[in-house]
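> So in my numbering, the last one in the sequence shown is 1195, and the numbering has no gaps at all.
For the record, the hints were derived by calculation from the structure and aren't laboratory data.
You can take every hint at face value.
Per label pair, the in silico range of CB-to-CB distance:
#: 1; residue 1: Arg970; residue 2: Lys1019; range: 30 to 36 Å
#: 2; residue 1: Glu936; residue 2: Asp418; range: 34 to 40 Å
#: 3; residue 1: Asp412; residue 2: Ala223; range: 22 to 28 Å
#: 4; residue 1: Gly444; residue 2: Pro221; range: 24 to 30 Å
#: 5; residue 1: Val1033; residue 2: Gln490; range: 51 to 57 Å
#: 6; residue 1: Phe92; residue 2: Lys475; range: 20 to 26 Å
#: 7; residue 1: Ala223; residue 2: Asn190; range: 25 to 31 Å
Derived lysine-lysine pairs resembling PhoX-like cross-links, with alpha carbons at most 20 Å apart:
#: 8; residue 1: Lys320; residue 2: Lys365
#: 9; residue 1: Lys642; residue 2: Lys1025
#: 10; residue 1: Lys541; residue 2: Lys553
#: 11; residue 1: Lys553; residue 2: Lys642
#: 12; residue 1: Lys493; residue 2: Lys553
#: 13; residue 1: Lys365; residue 2: Lys436
#: 14; residue 1: Lys898; residue 2: Lys913
#: 15; residue 1: Lys241; residue 2: Lys320
#: 16; residue 1: Lys543; residue 2: Lys553
#: 17; residue 1: Lys241; residue 2: Lys365
#: 18; residue 1: Lys913; residue 2: Lys938
#: 19; residue 1: Lys938; residue 2: Lys898
C-beta: ideal position from N, C-alpha, C; glycine also.
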Amino acid sequence: MARIFEYFVVCGLGPEIRTLDGDKGYHGTGMMYLPSLLDQYPLDNYSLYPPPPPQLPTCVLPAGVEFYSSGFDANDASTFPRSYPIVLTEGDGSKIYVSCIAFRDPVSEDIAEAYHIPANSFADKCICVVSRSPSFRVLRNALEEIFALCFSPSGSSKPLWDVIAYMVSNVPLPMPGRDRVLFAIENCLLSVEAPPRDGLPHADISFQPLVQCLDVDNLIKFFTAVLLERRILLRSNNGVDYIDAPTPYMMGLHSGVDTSNLAMDGVVVVDLDYNRISTSEEIPHIPEPELSSLRCEILKLLCPNVMGIDQMKAGVFSSSEQYSKGCNKPWGEDHDLQLRLIFLKFFASILGGYRNFIENNAMHVFNTQAFLKKRSRSTNQPPEPMIIQFLDSHGFLDYLERVATLDENNNNLLEKLQDAIGRGQNPISILPSSLVEPEIITISDEDVGAGSGAKYTYDRFPSNIRSEEQDEKRKQILAAASGAFEYIKHAPSSPSVQVGKDSLSPMERAAERERMVLDIKVKLQGLWLRLLKLGATDDPLSSFEYGTILALIESDAEGIGGSGFVECIGEHIHSGWHGRLTDEQFIAVKELLKTAINRATSRNDLSTIRDALEVSAEMYKKDANNVSDYVQRHLISLSIWEELRFWEGYFDHLMEHSSSKSANYAALVATQLILVASHMAGLGLFDTDAWYMVETIAERNNIGYKQLIKLRGFFSHAQQLRVGYWGTSSVKAQSMSSHGLSSPRPIDVTDQNQQPAEASGVGRSWVQSMFSRDSSRANSFARVRQWTSDSTSVANENGTPRKQDLSTAGQKKTQTNVRVLRGHGGAITALHCVTKREVWDLVGDREDAGFFISGSTDCMVKIWDPSIRGSELRATLKGHTRTVRSVSSDRGKVVSGSDDQSVIVWDKQTSQLLEELKGHDAQVSCVRMLSGERVLTAAHDGTVKMWDVRTDTCVATVGRCSSAVLCMEYDDSTGILAAAGRDAVANIWDIRAGRQMHKLLGHTKWIRSIRMVGDTLVTGSDDWTARVWSVSRGTCDAVLACHAGPILCVECSMLDRGIITGSTDGLLRFWENEEEGIRCVKNVTIHNAAILSINAGEHWLGIGAADNSMSLFQRPQERLGLSSTGSKMSGWQLYRTPQKTVAMVRCVASDLERKRICSGGRNGVLRLWEATINI
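Model the full structure from these sequences, guided by the hints.
Structural data, given as structure tokens:
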């Protein structure tokens, strides 16, 4: 049952207090502190809904948490509770709707005691309800009732969290236009309903604050900026209803947050407090006559009196009675509806006749030029910039894609309005009527009023019941904070403390300080050794040892804690420790080192940073693939590494402590610079940045061009290794260390691209990520020489650089041909290419013969013949009742599997349904037509079945898995079957012998792709790795671990025993099997989305990606009969790629015999690319 309330959340001051600038501890009432998530219902282990977003506390309290000396005061309006909603947009475009109440609440006694906060202090707290439904009124009303019930003098009949639990768990989401749900909180009755689906989108929020804050001209300007998808920052100090992100390119920010250090180029700043809009880029005006009409309609709605006087002067009204009608009405739901209809009428005007310009070709979804010419003729004006930019926006293109999936007779709301205006009807008539009364659903709590009559009253908002683990973790954090305060209290780390010791002589003060420093270092050493002895089941981040070390690092201004921690690690390494850490210890040490480096950076303590850099290169862990992952790689997000001054100081330190003083000076400088460059590579510093700094230091020391060339050779070698392992990238590359290449595990992905809280402050990092542009520093270094540009090339076996995958010959060929095939009414979910052998008996051996067979969410299977232009649709096969998931065929039959748990066999020539095979207990995921009238099927029930089409029976269940089967391979010549899926196990059976050969264990997440050629089996998994197995031995021969995302497809090149892998990271990698093992010899980066399909032939290779980009590769040496030297797999060259169009692709199939690639989109459209050749 879907519920309207997903979560109830409490945010405020947690046990770990930190300022917005990252300083830990309590620093008085004049500071703002980071909010934390304190309580929630359901608990964080609830699986029905995804957990609340981690940035929720920062969003609901954007200005931070403030301490106060007093709570609510009826005579002081600034102490009143504040109620406001926010809208959060997630990465996939889905929205989260939150209603909030912020108020002052007493500080918990244990927190006040640990941090020595004055007694009877208050701090900001916020309670929220989280929902996926934009029903803001019921969210606000329910939250206000909970708040009032908590602080009511009469109390509640049940514990407050029991009331919250019942409300969240039992109130269902009403069916749009059909249900009205009634529920009660204590004695208050509330109701919720949703409008019909065929009306305006649900927007249960008033536009009154927006029209009150902005005048008409600024309102239209703001609307234009939204329409053109500009980056928009809304600023307000009053918590109006538009304070957070209603769209992915718009967000809100409290006026108290400083934005002076943000890159605001191109950002439209809307100041709601001062009715002001500013931007560095001009916003084009809405053209006439639409602008005058829109302005007049809005003024008529907002200022009816003024508009009425103007119209009376013009003779529009015939009597004063007509003028006074409708004036002076307070803003209500009718005004919101009228405002939305005004903007809908604007769209109906500027998009008049747009349907006539929707095209059915792959290059253009909409004929923009023809539409603009038609508009210019009607307005006698040249094409307006605002209209041009709007027609090129993602919103308009997405609208066209959705329109394409609608039936011609099923007009959308915009087209209904255009028809109504054309007939002179009232625009209100397009909305569904509300004559049908909704069904009443009553939710009642039987426990209310049935108890003992006891009342529950509270002087603060209560905490939910904590588990023993949560309570223990809270005590450890507070104990660590209390211990750190004692150190600060007794350490001479500030002038205020030293003033009290004027009676001591300078020598005595120095001795006292030395004693305190030694005491802290001894404590740190003991804590460090105890941290390393924690068991595998212990959580170091929650341990007393970690909390105390962190507090010591952050507490003192002189850096004794940070430098002492780094020093004790160095001493431990020098004593013989090998630096091996468990996964849990690795995370703890990484975070502690980050904190120590950040604090040292703020003090300009370069020696501590230098020592931390060196010890981080010694500590590592082993990942699941037994690859060393060093701590140093995870420090790349710190800004100190991009500063030339640090590396100059580090180089000077190395020179001063060099043991070979008498060596040749130039060679000595080069040796130390290679050590510096090794640390840069271990960090993963961008190659151009690193080379600039090394070159600057080298030129300052006049080492000569020979040593400079040697240095450049080292850099080229390091970069060549990186490209071969990680691939080229425009962002900071994944790094390597001198001891081994780091494995791309998903644990620390965020560490490499995001600024940590210690460096930038969490309160501003989410704003920075929205408005900071991703500009590489590569172009900012003017002194980098031209010969460093080989960082964008890949070297071949002979060391000769060549541009990656861009063939000059391919650029000179004729334009490709892309056709659009329409017919499905839903997303394409299955696509199969019929081979030349299959179509032989049907239409003869024509050179351009070749069918594609598609399945869709519309439950239909369609056969397409590309050889018949304009009439490609050959047949439509109807019989399934749910989504078609897999399609296969032989010379005369088509077989399809569906979510309806059935497998249907069709006659390819007559399109008749021959057999319906039923026996699976879950949706069918894979089907394959075999010789001898047999069908092999796999399903989510974990079974693989063999069917005899002639008798309509299941011959045998040939394989069983412990979970859903997602992919399978079968060798008809040997009878070997391989299948894998959600249980992360690849199973191999010998069907003819009727036995299971092997269970291949090694992957840790779902296996999504499988390929078997001879004795070699290749699997691709969500754990970011591909594995190569021996079918006969059942052993893993190699682990291909270099993608930065799940591997969706794998392919084997039969000619040279090579392997090709494609992942969600958009990279295509070519692997070659050599005597010393399998290595990556080529990377392709032309695709920007997940690789969905790889199809390799003898001379041609077809690729399809989720962003509708396709590519065709060739090996011209083999095709022309030439012998190739060096790597065979790296001989694949990009032959051609078509012009990319906007579409979301679900599946791709290739016909390499005719150089065709077909993609199936989310909108039900197939795009067929024919790359005809003439060589």
